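Participant: Read off the chains here:
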Amino acid sequence: MTWDQGLHKTISTIGDGNGREMTYLEAIRDAMRYELQRDPRVLLLGEDIGVYGGAFKVTQGLIEEFGAQRVIDTPMAELCMISVATGMAFQGFLPVVEMQFADFISTGFDSIVQFAATNHYRWGQAVPITIRAPGGGGLRAGPFHSQSNEAWFAHVPGLKVVAPATPADARGLLISAIRDPNPVIYYETKALYRSLKGAVPTGEEGIVPIGQAAQRQVGEELTIITYAAMVVEALHAAQQLQVEGRSIEVLDLRTIRPLDTEAILASVRKTGKVLIVHEANRTGGVGGEVAALIAEHAFEYLDGPITRLAAPDTPVPYSPPLEDAYRPNAAKILAAARQLLAY
Amino acid sequence: MTWDQGLHKTISTIGDGNGREMTYLEAIRDAMRYELQRDPRVLLLGEDIGVYGGAFKVTQGLIEEFGAQRVIDTPMAELCMISVATGMAFQGFLPVVEMQFADFISTGFDSIVQFAATNHYRWGQAVPITIRAPGGGGLRAGPFHSQSNEAWFAHVPGLKVVAPATPADARGLLISAIRDPNPVIYYETKALYRSLKGAVPTGEEGIVPIGQAAQRQVGEELTIITYAAMVVEALHAAQQLQVEGRSIEVLDLRTIRPLDTEAILASVRKTGKVLIVHEANRTGGVGGEVAALIAEHAFEYLDGPITRLAAPDTPVPYSPPLEDAYRPNAAKILAAARQLLAY
Amino acid sequence: MELPPDLLHQAHYWMRLTRALDDRGTFLHKQSKIVGGYFSQIGHEAISVGAALALGADDVVAPMHRDLGAYLVRGITPQRILAQYLGRVDGVSHGRDGNIHGMGDLNYGIVGFISHLPASLPVMVGMAHAFVLKGEARVAMGFYGDGGSSQGLSHEALNWAATFRLPMVFICENNQYAYSTPVARQMHVANIADRALGYGMPGAVVDGNDFSAVYHAARTAVERARSGEGPTLIECKTMRMRGHAIHDNMAYVPPALLEEWAQRDPILRLEAHMRERALLDDAALNDLLVRIETELDAAQAFAEQSPYPDPATLTDGVYAEGGFL
Amino acid sequence: MELPPDLLHQAHYWMRLTRALDDRGTFLHKQSKIVGGYFSQIGHEAISVGAALALGADDVVAPMHRDLGAYLVRGITPQRILAQYLGRVDGVSHGRDGNIHGMGDLNYGIVGFISHLPASLPVMVGMAHAFVLKGEARVAMGFYGDGGSSQGLSHEALNWAATFRLPMVFICENNQYAYSTPVARQMHVANIADRALGYGMPGAVVDGNDFSAVYHAARTAVERARSGEGPTLIECKTMRMRGHAIHDNMAYVPPALLEEWAQRDPILRLEAHMRERALLDDAALNDLLVRIETELDAAQAFAEQSPYPDPATLTDGVYAEGGFL
Ligand SMILES: Cc1ncc(C[n+]2csc(CCOP(=O)(O)OP(=O)(O)O)c2C)c(N)n1
Ligand SMILES: Cc1ncc(C[n+]2csc(CCOP(=O)(O)OP(=O)(O)O)c2C)c(N)n1
Ligand SMILES: [Mg+2]
Ligand SMILES: [Mg+2]
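Protein chains in written order, with the UniProt record's numbering: chain U, 1 to 343; chain D, 1 to 343; chain A, 1 to 325; chain X, 1 to 325.
No wet-lab data here; the hints were simulated from the structure. Note that the structure is a prediction, hence the values are computed from the model and not measured. Glycine is no exception: its CB is placed at the ideal position from the N, C-alpha and C atoms. One thing to keep in mind: the hints can contain errors.
[Said to hold, decoys possible] Sample of chain D residues at the chain A side, in silico, Cβ under 8 angstroms: (1) L79; (2) C80; (3) S83; (4) M88; (5) A335.
[Stated by the list, open to error] Covered stretches of chain X (chain A as the covering partner; in silico rule of three or more C-beta atoms under 8 angstroms from a C-beta of chain A): (6) 11-18; (7) 82-88; (8) 144-157; (9) 198-212.
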């Protein structure tokens, strides 16, 4: 049993197209297995990822398949782990490091932002590491197992940051992250692990390039720009509005750094109204950057205030009524979208 | 001699009003001395701050005056230092911790964002610590002694972040930070230490409350919103434009978290055009949050795109031509302002 | 050296209460009443109770997630703890922090635990440092685990305490595993306490399932600290008798190891010792268990009746108000 | 055990070159030609050269800010180093990183130093780990200081290397000070190397001003590492003979201490030893010094003629291109 079992109450399906149906979690595992098979340089590092299969069982079965030389259980030391991965990368490996929860990435922060991010600019040395960070709330896990802290890294030159919202992207972006010659922080959403299913294209077909947003729903009146857990919520809200005869576009950023500025601007130029949604705290979040890009480069096209819906500026609270009040969801998105449509 | 001596080539004066003329650095020291004298609970912690007087000599003379029990030279361990300060705060002290350079705050990051920032929300325990972070570039100090990393903390609920731009504010905000019952990150600008002078009101008079922006120049046509080192640069640009008959408002944020939303919106509602300037990297910087606030809450008043001028998304380069190209300054502000005025 | 009967009776009560509360938690989790995960500490009773009983009323301590006994000994009631587990407003953190986290209350000298291990260790060092600066003869105690010993922060805390000769007691709970990771993959030494020498402080290895041994070592360290002789590192060897958290079936632990340690159960050992000294018999034990269950029934009723926090309070208390004028 | 003449001649050249390049840097700084600050390493020559000479061509090393000798021994030329100091495009980091930072070049097995101490230590551990995974008989070496020893990261690196028994050599340069902070305020132990036991690796304390001692210890550790026996911690005791950086007049250092250490100058000691063994006389020394000055004149000319980087390249290279397909 895993820690989050039983917490994923409803199961959604997302994505049509071809491919094998997988949960979001299976898609992540599939990407790792695919890359471990394909390239002997790929290896995994993390706490309890081997024998135990990871706190969420994402790496389950991989140590049996690839051995303890490639699926490495480490001491509990995130800062060292990320530095060690960097050193391994200097020797030709493509390490994938698991943070047990995204919350613990702050323990390894120094090595990511100061060392891994800057080597290539400073002395031309690439750092092809991937850091998997299981983030986000909704699982009653309190302030230290629910964080969405991607904005810290969205500000750091030299890093890439991705945050898949569908099983297909979970696989496709992880493969791209592993092959990318730069340090990539891969935010996977715990709340989607077992609650989201979808068709996942296999093989090389399924690769999703870093830096490209996806139009999840096409619309004319308003663009909802979001990523990660909030994509499904936004789609629910958009579908409800569609029933009511409104035409909503949903843009899934997929990559947080570098942002797909073209896709953002193109959509806003079309609809003229934009609602930015994320699970992370509002102030200083990624939404601010998106809003600023729009306010600078699509100013003439705006028909209403750029609106943000995000978590309020508090730690993630534990008690269910507090967490429910804290976390954006379809209902809150619907309300915000209605208000903006009425503007 | 200090590390930065001889690098402060021109000296500006800022601020009229009453008070003793001091450099920016002297004003910081004066605030610490004032608080050490006033309140036995205040103490200083840091590497080389005692006998040596600090890497920039900001704490010079304080150990002689207040003794080694209150001006404490520590082992080289930022993470522990900040945690120790938190423990001291739990026992009634008001510790002021010096990071030798703002760049090393990433080493203490975990303790700031996870522990210090969250205690009051989680179990009602206040953490009255101040962390002094000498930030910013322009001193040919390269990627690890020039950083402006305030955006990391601007995103964290429970923290306050200030960034004084004048000697008077340097003193007034540091006193407020020390007396604040919350963890406050105090970004002091190295490039201003000896290059900026001004009248500094003394005693309790000079206290500057956290959370209030300052109108540095009143104008009608465009608002430049900025903070820290860029305030003097913005004023130079604004004064040049004034000579040319244009009316520019310069708003100095002074506090980065919480932002003075009212002052920002009031100014933009008046001028209709806004140029946001900071020394930090553009993407994910504080400017994005400011732009988003305006785009949401002053949308109707805007007469032009919200423009940002910031450092490009690279580490701070070392070589003079690169650093000069990197760092915003009066000339670049002037060019951006002209373009926006012409919109 | 034989411990006085009074102390043994106290210890016995706290250890039994700890275990019963822990079992109650497991039971409530099975009933899906607990919010989120649940951490059991079974096997750790002698350490948390023994170390906490060595402290004075004015001393301070930062327990970890398996130190339920220390919370109880210091005065955090089962009422508040169960309300915490259920996410209620009367929980120690008023529903803001989760299960064993954030159960801090400086009125009882307790610092709220955070997940990031071992984040509270240097905070306790800071409190110890404050005691020295204030000239107070008080002691700070911090817990960390075999897993936490791999974190650099444990090194920084030990080194800082030693350098300033602070009144600090480090209790390292070596329970053989950090989640699924056995100590042999965490370090290449037999004893974590052997590191004490490298900081210039005494180190001791004790049997963490023997209340007397833990209490003696902790008491000696506390007295040493209080008299200004500086910090001590005590490594308590024990075994985590349950999964890392309740979802974890510990398939990675050899069953023989668990059986071996089950023979050394800290409570049964204390009871055997008390029986030998005629301090306990079946009737007395039974009385105690009944008393504890009654106490816990009341605590559970209190917790279940405690309301959930009002969502309108969501953003309250992010910042402390007022200031130091 | 007497070292072979060849090795001593080599060492002598590198140590003299190191010092002369260091003096050249000071001189250029006085002329305001150096961009930003300047770090002198005078007194550290036996350590950086001795340790680096113990490595094989395929081994890797991360020198710190006082390990100029290691850069030179590994093959980073004075040309590139002086161009680096002057912020020129031919500097090791092409003007992007400053003075002694970022002088990495894996063609010479060198990882670029970053300020955050001791950030490169665990990176070297990662390279050592990679060697084991690849089955290569290569060794990684990392330097850190008495100041850096207080950082938790040094603990994590030592523990990781020991746990995985990696081919890693830790060189701790204890030069009595970290900036203005004396070791006594950094730790409460006499020897940092005594901590090795707490990780399960051998530790050695050597006279850091004695080339032979450093070389012997490093060589032994490198061989041990290469043969799969795991890491070693070597503490080299020395004295920082200049300020932390050039602006620092070291008023906080007792003059007697400096005088005492001046008597033990590592270069003069090596030369005395070579003279005793008739491997050096005045004429030969003079020849060497002239040769070195000529070499450095050329290097300086190269550096001064090297252009500054083009501001148009400012944003180039933040990201690596391509990928691993
Ligand atoms: C910095 C950090 N990384 C990872 C975790 C996730 N985690 C929670 S408890 C645990 C194991 C802790 O082991 P140990 O310190 O031995 O304590 P024990 O649970 O055995 O009592 C881990 C890895 C954490 N809490 N903090
Ligand atoms: C994490 C971190 N904090 C602070 C500094 C600033 N700093 C640079 S060198 C130094 C002293 C280093 O002392 P030591 O490790 O003994 O090396 P040494 O300079 O004596 O060779 C300090 C405090 C730093 N580089 N890194
Ligand atoms: Mg353990
Ligand atoms: Mg030193």
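Participant: It remains to establish, for every hint, whether it holds in the given structure.
Facilitator: Checked hints:
The criterion of a C-beta within 8 angstroms of any C-beta in chain A is met by L79 of chain D, whose closest approach is roughly 6 angstroms, and the hint holds. Look at C80 of chain D: its Cβ gets to within about 4 angstroms of chain A, closer than 8 angstroms, so that hint holds up. The beta carbon of S83 of chain D comes within 4 angstroms of a beta carbon in chain A, closer than 8 angstroms, and the hint placing it at the interface holds. A hinted interface residue such as M88 of chain D counts as satisfied when its beta carbon comes closer than 8 angstroms to some beta carbon of chain A; here the least separation is about 5 angstroms, so the hint holds.
Taken as an interface hint, A335 of chain D does not check out: its beta carbon lies about 40 angstroms from the nearest beta carbon of chain A, beyond 8 angstroms. Under a criterion of three residues with beta carbons nearer than 8 angstroms to beta carbons of chain A, the stated coverage of the stretch 11-18 of chain X fails, only 0 such residues being counted. Coverage of the stretch 82-88 of chain X by chain A is violated. Counting CB-CB distances below 8 angstroms, 0 residues qualify, and the rule asks for three or more. Given a C-beta distance limit of less than 8 angstroms, the hint that chain A covers the stretch 144-157 of chain X holds, as 7 residues qualify and 3 suffice.
For the stretch 198-212 of chain X, the stated coverage by chain A holds: 4 residues have a C-beta nearer than 8 angstroms to a C-beta of that chain, and at least 3 were required.
Hints 5, 6, 7 from the list above are not met by this structure, while the remaining hints are.
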